[in-house]
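Below, each chain spelled out in residue letters.
4 protein chains.
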Amino acid sequence: MAPKKGLLQRLDEGVVIGDGGFVFALEKRGYVKAGPWTPEATVQYPDAVRGLHREFLRAGSDVMQAFTFYASDDKLSNRGNESSAKYTCRGINDAACRLAREVAEEGDGLVAGGLSQTPTYLSGMSKADTQKEFQKQVDVFVENKVDFLIAEYFEHVEEMEWAIESCLKSGLPVVASMCIGPEGDLHGITVEECAVRMAKAGAHVVGINCHFDPFVTLEGLKKMKAALDAAGLKVHLIAQPLAFHTPDAQKQGFIDLPEFPFGLEPRICTRWDMHRYAREAYDLGVRYIGGCCGFEAYHIRAVAEELAKERGKLPAGSEKHEQWAGGLRMHTKPWVRARAGRQYWENLRPSSGRPFSAAMSKPDAWGVTAGDASLKQKKDATTEEELTNLAKSCKVANGK
Amino acid sequence: MAPKKGLLQRLDEGVVIGDGGFVFALEKRGYVKAGPWTPEATVQYPDAVRGLHREFLRAGSDVMQAFTFYASDDKLSNRGNESSAKYTCRGINDAACRLAREVAEEGDGLVAGGLSQTPTYLSGMSKADTQKEFQKQVDVFVENKVDFLIAEYFEHVEEMEWAIESCLKSGLPVVASMCIGPEGDLHGITVEECAVRMAKAGAHVVGINCHFDPFVTLEGLKKMKAALDAAGLKVHLIAQPLAFHTPDAQKQGFIDLPEFPFGLEPRICTRWDMHRYAREAYDLGVRYIGGCCGFEAYHIRAVAEELAKERGKLPAGSEKHEQWAGGLRMHTKPWVRARAGRQYWENLRPSSGRPFSAAMSKPDAWGVTAGDASLKQKKDATTEEELTNLAKSCKVANGK
Amino acid sequence: MAPKKGLLQRLDEGVVIGDGGFVFALEKRGYVKAGPWTPEATVQYPDAVRGLHREFLRAGSDVMQAFTFYASDDKLSNRGNESSAKYTCRGINDAACRLAREVAEEGDGLVAGGLSQTPTYLSGMSKADTQKEFQKQVDVFVENKVDFLIAEYFEHVEEMEWAIESCLKSGLPVVASMCIGPEGDLHGITVEECAVRMAKAGAHVVGINCHFDPFVTLEGLKKMKAALDAAGLKVHLIAQPLAFHTPDAQKQGFIDLPEFPFGLEPRICTRWDMHRYAREAYDLGVRYIGGCCGFEAYHIRAVAEELAKERGKLPAGSEKHEQWAGGLRMHTKPWVRARAGRQYWENLRPSSGRPFSAAMSKPDAWGVTAGDASLKQKKDATTEEELTNLAKSCKVANGK
Amino acid sequence: MAPKKGLLQRLDEGVVIGDGGFVFALEKRGYVKAGPWTPEATVQYPDAVRGLHREFLRAGSDVMQAFTFYASDDKLSNRGNESSAKYTCRGINDAACRLAREVAEEGDGLVAGGLSQTPTYLSGMSKADTQKEFQKQVDVFVENKVDFLIAEYFEHVEEMEWAIESCLKSGLPVVASMCIGPEGDLHGITVEECAVRMAKAGAHVVGINCHFDPFVTLEGLKKMKAALDAAGLKVHLIAQPLAFHTPDAQKQGFIDLPEFPFGLEPRICTRWDMHRYAREAYDLGVRYIGGCCGFEAYHIRAVAEELAKERGKLPAGSEKHEQWAGGLRMHTKPWVRARAGRQYWENLRPSSGRPFSAAMSKPDAWGVTAGDASLKQKKDATTEEELTNLAKSCKVANGK
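Residue numbers (UniProt numbering), protein chains in the order written: chain G, 1 to 400; chain L, 1 to 400; chain F, 1 to 400; chain P, 1 to 400.
You can trust all of the hints, since none of them are fake.
In this list, chains with the same sequence are indistinguishable; a pair is considered to hold if it fits within one copy or across any two.
Cut-off 30 Å, straight-line C-alpha distance, at most; resulting in silico cross-link-like pairs (DSS-like, lysine-lysine):
#1 K376 <-> K392
#2 K333 <-> K251
#3 K313 <-> K86
#4 K225 <-> K251
#5 K333 <-> K392
#6 K5 <-> K225
#7 K136 <-> K333
#8 K251 <-> K223
#9 K223 <-> K333
#10 K333 <-> K362
#11 K362 <-> K222
#12 K200 <-> K251
#13 K127 <-> K333
#14 K132 <-> K333
#15 K333 <-> K379
#16 K136 <-> K200
#17 K222 <-> K333
#18 K379 <-> K132
#19 K378 <-> K28
#20 K86 <-> K28
#21 K309 <-> K28
#22 K28 <-> K4
#23 K200 <-> K169
#24 K378 <-> K333
Rather than coming from a laboratory, the hints here were simulated on the basis of the structure.
Quick caveat: nothing in here was measured; it's all calculated off a predicted structure.
Just chain G, same shape as in the assembly (with noise of 0.2 Å):
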């Protein structure tokens, strides 16, 4: 039996699709908490995240990123939470390693370890502080001898290089992917200047994952790769964007918008949206196109029927979905059967049946950034004094 070809040998030779977002759906699904949104289900539940990976694997996914988001010890203990004590970094990120293994092993998946930003960096401190957060994980990961390494959900391109040098001790190839949009990070350095930041640094791949709609997304990645063009610099690009809609998002992306976390469902991509951001994602060159937050399995499929052509298959799933609602002909109903058709679904404008409510919001924007007070990291839990002033600052309490 041949040996499975790596990352990069892909990425030169056509598409890798990536996986979409666990805390989200497993969120909805009772396994991990909002707020925290650390990953211990990997040793509380994992045949949770064992099925997850299998329904991203069925839909075409040919990454198993192991589910280590905010898995760092110092986010597994911040503000009350008890993860890090009851579970241990090491225990959650080794689970995590394992369930991504075993479920890669069914297809020809490749298995990722990945980082992400750390409350050590967002309180201000040291580069060899927050290279220790990264450091624990990097080591759980080369004993679980993973495939690549992703470095993702960065806000702040300083925090990213220091990720990346820590990545790149491992020998393995390096993903950077950034949480901005089009107006740069939240230091003010622009999106451009971000992206030849990540692979002057050494990363294989650099690219932008969630916090913005997927066409928010490739208008920064357009960017990035005009810059990449003109620095000289040959990286292959990564999408992984969001699953919710969010043309009024701004610098912060949708954790600004009065929506997050809990009333995000009006702004949910259709399986339409993810044809197009598959389509469009494809001719701007990206060639690792993922989701995020919000994307769920069928989403998944949706970019790899789109591209099916390109990889000359179609997905496991499509069994149960035949290409641009063709499944339709088999309903009950004639006029169901009439929608099974492209023309219909790209024509489509949904409505939200929700007549009291508009179609964009005005984003919090409290523009606070690495260093500030209130980002600070903090064992202990919010008090309730800290809440009661914290909503006083919050506009749509207020009405605003």
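With chain G's structure known, arrange chains L, F and P on it following the hints.
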């Protein structure tokens, strides 16, 4: 160990929380095909079905409804579906019962077997033909010793009466739930009369499921209750609505909306909508409170959290969800911590991020009903020619 | 020369087109003050009032309604208004009649004198006190030999009955029109009973004006017609609705909507809405078809164009408006010329250009009615303290 | 008596408030025909034109702009228009000047003569041909001793330069205003270059009118200002935007929007939008602040009220309008009295009452420009065949 309490005793003593929708959830996960919507996944992908049952159990569901929707033999072989031949009606229903039983026993859950309307009836065939289809499913349910039967998703009260008759032969409690709104059934029978006829036919619990959002559904139930009271009929009430907003749907419900079934995302209810639903249902006197298509575990958990006091307990899943967004106290960003409270979420009217979409849609409203030629059962797949003719009648495809 | 045909003869023979709203149109032009809404402009700015009458005559109005809205003595001196002292009730009403007469004689128009509800009644005073206010206006109307009287904009059928009684003494035909919707008057009297009571009180024409959009108004008229038919009462029907969309208004109509009166722009009806209104009103049997607040000349012209066949003529104003946008054939841009036809405008669902606004509003719904302390007549202006207390009760100001 | 101050002195010393749009206002009143939009009403209905001038004077306008829009000889005879033959170019322009003069002298107003783009230029004809059309209007303006000239509503800066050249021969101050947005003119010249070329051509005041809403227009003016500053050109700035919200318009402005011209109602700006506009325009350094299509007297009054402190006075029309809704203190209903204040109206996001409409529209965006065959001048009316062909190209009519 004390024997499990039965459905009717539980309803007499308090609230019974149902589960959510399997076909829509499993379609998104890749295990059900939209169009036929039939449940052969119970044989093909038992882990996926079991996993979804567990999510609902953990969210607070008191009932594990075997995944037997549209699992009548005639539906499993309609319009090109080969499930009947491959997996057999008996095989699918039997597997469904065993999966539901397995998970129910992980808690204190009841197991229900479910019947739905048949292509046989829609094709205008006889009572005997139709009941023959029902009987095949009931036989399996009885063999599997389910706790009660649910006849649900009926658009015509006449067929429902036949189903109740078939179910009653089992000697088990019978729940009867139609997919109708305040305007009544598709043959023009009022919602009030539907309620009375279901009760008179012998159903122990009557009500409404699917087709309409929680609030439209409760309008229908309010009318049912008044009619039952006026007729002096003592039965319990059940509500299992959609988790999609449908203020604009007409008689046929969400099937008529242009967004059905692949563009419904902007209509998905939030967890806060479900708090309101649970409270209003309870206050109206409904005691069997669950959900249908679109209802995921977090929606059921919201119902269970709203009724925590009435039930004397929180669901297991609340381990990962503090009441009224309390978990946001652990969020990194201060303005998200400011959202950790009830007032914020009750006042939010969430935006869609879709400025080119309207709030409401004009339903297709073809208005065909049982007996119409276009509804007749047909084993062969829909042809291209039939599809072209259907598309000509489609308003959205023609920009109306 | 044959004498002018009277109102009732015209209604027996065909359609009578009313005029539009004076207070809103003249407020925008700078001649009426929003708040008191009283018509002293008839004395102060006769050219402006005359000009508006001419616009309506040219647009097809068969009636020049003297601009005497809210011109009762008590209203002219309520809450700091000095119009009663400066211009006198008699002076204002007299000038109004003469201006209407002058323009009516430029065509074949009828002149109507109008009465409305009084602060005296809202303050809970007696029938005698209230009718004293009416009588002062009726006296001027009779002296000016108006062709008929309109008692309009009444929220309580009891006061309306008193007004009809006062009007009938003049010996002139009496039109009685309440500002109510399908839910009935503010004291809880159904719309059906209101119609019957107006007819029994002796009004020759009964119906609805103001407060609701054309389509909500016609819902109310449909109920009125059914009740009048059931009671065997033969009277003509009048509709003079708003030109603002109000699907979300409750009992009190647009006064309750948060947009009243200075943010109603996005609700303004198009001319195409008025084609539909005219047709539906005519088909329902309404024969006096006009408008109220928001109705401008082009809205009335649309009514007249829709009913051109029934009336056997187009209005003079159609000189500048070819039917169904025909004039666009002369537009410079080819794609605007492409819009010169009925199908385009009937299918258009016009956008608001306001992505941060919702489609519908929650009304204030204070629910106070005649007799409530806050409605009592008061000659002094509202104080700052009173205003501060009111603002505390205001939902929009408090972000609800 | 001191002689009236001229335009440039007034702009040097403070703010000059323009007037609003005549063609849209008079179309609604029945005196202008949509399509050709030509101003023969100055001869036919002088009272109506005079009345509108008076409304603007009263609202605070410092300029009475003679109603000579599209009054060039070629436009008056384009596509079936017989105005040139019936009323003559000279007659229409002359009457317009005399009406403006008459009303200006009722206050301290300036009189301006206005020129616009010509069918001659759009047909691809020569500079000499085009300037011949301009000269016919300028001659009448000079004879009537207008105070200054406005060359406005030009889509191509080349034609604008020709117009400025023609205007400068009069020896009068020249205002040059293009109907473009931030994307620049229809031949692809940037908005920055347009500003510089207008200033270099000798215009004393340069800016933007029509086609876009106040806020999009100010985006364009901001770019103009930066370019003029960079080029060291000292000219005054003018803004005369639409009173319709157009965030979704592309290069061609509101002409492209599907709602143009008979479905724009939901886009109409409120008076509070105009407060914001006036403040932002003033803060940007614009000193000639007026309006175009959709601007009615109450919009101009709002500009004048916002700038009352800067101008040292309120307009006459504020007699009927207390600042920030103060007049509502005199309203009958207590909850409307509660709206008598700035905070209420600044925070309101008004609803449309149209749940089946979206917030934004997709423009037609045909993208044809000067020289295109479909834009050529043509004396004969558009034929049915031409119209049928146009309709086939129309997206809205085809449900796109």
